[in-house]
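Enquirer: Single-letter residue listing:
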Amino acid sequence: MIELDNVGYNYGGGELLSNVSVKLAPGSFHFLTGPSGAGKTTLLKLCYGALTPTSGRARAFNMDINGLDRDQMAFLRRRVGVVHQDCRFLDHLSVLENIALPLTVSGRDITQEEANLRELLTWVGLSERAHATPPELSGGERQRAALARSVILSPDVIIADEPTGNVDWEMSQRLLQLLVELNHMGKTVLVATHDLSLIRAAKKQVQARVLRISNRQLQQAGADL
Amino acid sequence: MSLSRLRNLIIGDAQADRVVPPSGFTAQLTLFVSGAMAFLAVFALALSLASGRLADRWADELARAATLRINAPAEQRAAQTEAALAILDQTPGVASARALSREEQAALLAPWFGAELPLDNLPVPQLIEVIEGEPGYDATGLRLRLQAEVPGAILDDHTRWRAPLVDAAQALRRLAWVSILLIGGATAAMITLAANAALAANAQVIEVLRLVGALDSYIAQAFIRRFTLRALVGASVGIVLGMVGVWLMPEASREGGFLTGLGFQGWTWLLPLLIPLLGAIVAFAATTRAANKRLGDLA
Ligand SMILES: Nc1ncnc2c1ncn2[C@@H]1O[C@H](COP(=O)(O)OP(=O)(O)OP(=O)(O)O)[C@@H](O)[C@H]1O
Ligand SMILES: [Mg+2]
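Sequences listed follow chains W and B, in order. Its first residue numbered 21, the first sequence is counted upward by one per residue in our numbering. Its first residue numbered 47, the second sequence is counted upward by one per residue in our numbering.
Pulled out of the complex, with its shape left as it was, chain B reads as follows (with noise of 0.2 angstroms):
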């Protein structure tokens, strides 16, 4: 496409503009389906940002450690502490064990009883950090085995039964995109089909075109102008309405989870405004597609 049609189908030309009557059912459609399908755009990329985020935060605390407490007497801490980390070792799907030293669990538990505890006389557990390899272990038989041998060690690992959720997450996330590739098709064939349908409606117009001299590029244009301003007006207006819905959604907390977390933060919410960029480039596609058959058949 050259400068000139381009900055036409931008700008237009109040005269080319008139020689196609304007046409009630097929632009109040066109204006119509961008409206609700940016609409629902919006709100399956909403979907797909908090499925996302919400996937990553978990895999992340998934990717942490799990913890092993030895509740022991404080004479057998040591020597069971020695035997679980041995175990550890030989566990396969371990990446590392390592028991925090005394000042770690001194800051760990800080913020509960103050920076002075005196850690020797009170029988706080030994924690051992577990770091998970790839893949992971078996959680069971590791139990099992740490029950016979090291009857005080218990193993913490609750944030494993996220594993199912993380991809739950991602599948939704998948499934938002899936439903953003739908709305641009169904977008692109109910454009299509009004397309046709003014195109037919026009036909007289556009025979009376040819007879006075106009190009078929030239009668493609006035079509697809109007069209793709139209999807670009709907759409505008169907992110709008989209986003405030999105906005109105109470704000996220990290306790709320999925539900809270279903908006835009900070600048993704400068994504939807891609939406009626799309949705005109769509609507130029499916115009000049439909356009170009035609006239080529009236030909």
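Bound conformation, chain W alone (with noise of 0.2 angstroms):
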């Protein structure tokens, strides 16, 4: 699905990755981790075409993702479900909007996907708080929503940066339940991380594999999780 091969990335100063080569197969749940400022946002934007690689290749859905130009980008940001770090609301739309929008910016008429939009508040939690603005939510129901937004287009691949950032331990069982179970429905799903308990308690619901970043370098995490 998505492939970094032997893939390095500075943004001007010294090399933050190097030699980085990953594979994201199909129906397959991968963790990420690694020391804050190690590189994993950055990782995961070279997954999505956010970044383009200084050296080496990025491949999606057999493309390569360098040789896009920016309206095949918009169609890959379709088939690729982001959850930003930092969310990346419309702080003038609503909830519900901010959830729909991309539909509504794919052209889909949101008031006939009405049912769609109503079970995946539901899903996530947060039918209460549909009409809320983004402002007003707490952290915990931010990263909801913003599971909610990545999801809309059944994407089949679903990446998350941080998505237990803020929220208490409870409420990051209930968000890794809920990528559990999107990895469960076959979505392939990469989650970045520095929280090794959530990760030692998705162990126990899938088969997740851990990456970790360390001195530039993408290695396998052993047992030792």
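What the hints contain is simulated information worked out from the structure, not anything from laboratory work. Among these hints, one or two may not hold up.
Derived DEER-like restraints, expressed as beta-carbon distance ranges [stated by the list, open to error]: (1) 135(W) with 73(B): 33 to 41 angstroms; (2) 226(W) with 338(B): 53 to 61 angstroms; (3) 138(W) with 338(B): 33 to 41 angstroms.
No residue lacks a Cβ here, since even glycine has one placed at the ideal position from N, Cα and C.
Could you fit the two chains together into a complex? Lean on the hints.
Expert: Right, here's the structure in full:
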């Protein structure tokens, strides 16, 4: 589905990632971990085409991401659901409209998707908050809304950057459960987190592989987790 | 542009309209500028039509004949007429010259003295109609020659003094058209500025829209639609006010000439209706250009 082949990246300073290779097989569940500033967000951005590698190649759905024009990039974004570390909502729209935004911008009539939307809101437990605006949401509600938006177009791949970043243990279990459910539906899932207890909890529910960034390299984490 | 995009542009899509937050000051700027410019354009248009009409009318009168009057005692009248015709015949710039017949002269005088006027008994001057050629004749030279050879001849070319006025009216019409072009250009520049400000203010929104898979054409459309509609609304208000202003001008009279004729007549009242349409087209083009450029830069 998504494949990095000997990818290197730097923001203009020193090399942040070098010789990173990873392959996300369809239906797989991956965790990406590493200390803050190691380059987790950067690696995810390379996976969904927000950044182009300074060396090596990134491929998604058998297309070279480097070679995509802006329109093709937009279509790639519709096939990969992303939960951003800072959620990225439009504050002038309601929670419901934000969740429906991928539908709106792809020209779908959201009045015809109302049943889907309502089901999705119930799934993430935000039925009551549909008409609030994003600044009115709590941290956990924001994360769940972001997750709902990332799956509204039924993408094959879901990439989540610190989805449990600022929520309590109970809420992080709730979010994890949603991600696991998506994986059981056949979606490919990649989650960046520095929360090792989350990874341990997940390992009881799914067959998850854990990747760790250290010293600019990507390593397969061992059984110590 | 495909038909569905055109449909979307006109009818719009309530959802798509909401994705870009309404931005106060660029909206007001666009409304005000297109309204004010449309108002000015109505006057420029009225000016160009009025000066055009005036130029046509005066030019038409100019093209008509000058008159040569022969004031001579009855017994010399025929001889002097002969002589004058001979001179006119030789004068360069005179296309043709013809003595009016007795009946024609009677007809000219009839409105004043009645049809039964016994012309033969009255010392009525003989009239000669002179049609000017292109280029015209030298009036001063002709007068001098007539004075020497036909003492009773008086050349009346009263419409000639209007020639520079016709030029002035035509120049005024050209100026009015230049003004309309400048108004269009200034509108385009201001709307480009407003659109750029709106695009810059919404850089974050644009980024989020891209993250969720919006095509650049979709994002551009949201801005283009907004600015086009604002220009259309602003210009419509502007022309209504402008047309009321023109309508309140005093009625045109033939003698009042220029100032009172500064209005629309008949079907030309429909012409200002084109202004909002043109304004919308200008806004559409300006915003399209600005959006495409800025979205390219933001890539
Ligand atoms: N746009 C940028 N320009 C320059 N440097 C950047 C940029 N984005 C990130 N960096 C730097 O690259 C490094 C890796 O950033 P990244 O966000 O990938 O880390 P991370 O592993 O996601 O950290 P965290 O766990 O805190 O989210 C950091 O040192 C950061 O300062
Ligand atoms: Mg990060």
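Enquirer: Does each hint fit the structure? Answer for all of them.
Expert: Quick rundown of the hints versus the structure:
Look at residue 135(W) against residue 73(B): about 36 angstroms separates their beta carbons, and that is inside 33 to 41 angstroms. The hinted window of 53 to 61 angstroms between residue 226(W) and residue 338(B) is violated, with their beta carbons roughly 45 angstroms apart. A hinted range of 33 to 41 angstroms for the beta carbons of residue 138(W) and residue 338(B) is consistent with their spacing of about 38 angstroms.
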